[in-house]
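Student: Sequence:
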Amino acid sequence: MNRLKTIFSLLALVSLSLGNCKPINDDEKISDLFLYYLLFQALANATEENCSFSPSSSDALYNDEWHLRNVGQLGGTVGEDANVSPVWNQDISGNRVIVSVVDDGLDIRHEDLSQNISVTARGLNLLNGTIYPTHSYSNSFHGSAVGGVIAARGGNNLGVRGAAPCSKLVGVNILEKSTIYTSDEYRAMVNESSRVSISNNSWGSPDGYGWLWPSSSLWQQGINEGIRQGKSGKGTVYVWAAGNGANGGTIVAPILVDNANYDGQANFYGVMAIGGIGQNGKKAAYSESGANLWVVAHTQGNSATAYTTAISTTDATGSNGLNVGGSSGDYSLGNYTKKFNGTSSATPLAAGVIALLIGKYPELTWRDVRELVAYSARKNDASDTDWALNTAGLNINHKYGFGAVDAVSLLTKASTWTPITAGLITYTATALSPNTPIPDNDLVTGATVNYTVGSTINYIEYVDVEFTSNHSYFPELSIEITSPSGTKSVLTEPHACVNPYNNSLCSSGNTSIASMTGSSTYRFGLARHLGENPNGIWVLKVFDSSATDTGQINSVQLRIYGR
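If you read the sequence shown in UniProt numbering, its first letter stands for residue 1, the second for the next number, and so on.
Everything labelled a hint here was simulated from the structure, so no lab data went into it. Just so you know, not all the hints are guaranteed correct.
Derived CB-CB ranges, DEER-like [said to hold, decoys possible]: (1) GLY325 x ARG559: 46 to 54 Å; (2) SER138 x SER56: 34 to 42 Å; (3) SER504 x THR47: 51 to 59 Å; (4) SER332 x ASP440: 57 to 65 Å; (5) PRO419 x SER555: 33 to 41 Å; (6) GLY393 x GLU363: 23 to 31 Å; (7) SER555 x LEU443: 18 to 26 Å; (8) VAL78 x GLY129: 48 to 56 Å; (9) THR448 x ALA547: 16 to 24 Å.
Using N, Cα and C, we set each Cβ at its ideal position, and we do this for glycine too.
Given only the sequences and the hints, what does the whole structure look like? Please build it.
Tutor: Here it is in structure tokens:
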């Protein structure tokens, strides 16, 4: 039932409950405050509908959704999909799992979403201060497209089907605001977190500039509160789009620009960064690589024919949104689009698969979920030369993280999973201040810092690397770090840089870490060392790829999360 209908129905029930009372004097009138109290008590006592879904039932556009069931209908690799059908056949469909869609709104009256709008979690519209997240602008659509990938209602003879076709959605409209404050970011992360199992975030720092974008302390506080207190104490799972700036953006491709580790939200330990692969299992050219990348999921890849391999999903209703009704080769019905793409669509696919997992195993904590996703990920694009094994036996790749999300593998792994009971330890090692010069125009020798860690942790869950340098042109630096186990992680690569104020290429000398972030220190995230022992000597190396600009490594500090 859609939220508007629910609230109107509850108001009617409140009116009926008072309608049989004897007439009262003016001074005996029940206050508006009390009426609202009754209404919100009714909302608080509501329960999510038990959804019944038959995989063999009909959804008009389901055959176009190759990311759910790839039979080569668009020329892709048969079976290169999220592998959800066998899980649906086990009567696992994400029932009663609530997923927050933090975006530019969510069309809560959409014909294919309304039945899966949560009736227990309240939406949040940061543009107009209401609990109704529906888009305010006619060209907004992104959140509704995200919501459809996760939870378009299955088997209703309409449109499309979500990966978790019985899960529930709650919308948070933050992106329609012209100015987004850090307090807005915080509220978006914690909205109804006690009820929210998964928070989907198909947004983040600007793509295609090659800058380092730190995350705000308030946003980080929101994530920390969510993972500690969300989902009734089990922790909300945050999934984050890795970004679409890998191969240019505001400048001409194929110049390497962005890395997911330059985004201080996507590289935070409390989130899982999600990259994108196409229907052949290979990285979409725009999908950002990074040592912080957790996994990848399917989206439009590198087809030369525009949009033939994009994602079919819900659009804002009618002539609003992306599809105004058959325009530019889209569906004739404007309630749907077949042009959704980017890591924006890969991320909700991962969220939907995770909703299937939590629907089956609701007692899992956020730490259980993220490790299950890592240990169950499928090694896609097996011939890619960047694949390696870390010492915990996990496949790792800067382009793909631990691999592709796979629903069958995930549920199978969960069936024998031993829940994590050890508390999360955060160990902050002593900062080193080596002030080591970085040799100019040298990709062979570089500058080296040996960093010794001695902690009580013997199992890494995530690593932060805080790096400080006074180098006058950060984009020409290459930074890598190798764990005591011998696993190497690339933090930065030499890349192009674009000035966001005038869209011109950055010139040498004006894009130091300080000028880009307001601080000379930047934090990078490492996912690739999951399961390894952190104790011993970590080796940081920094190389300078071109002449003239110079600097030194001022300080390095590691923070280890683990058990």
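Student: Name the hints, by number, that the structure is in violation of.
Tutor: none
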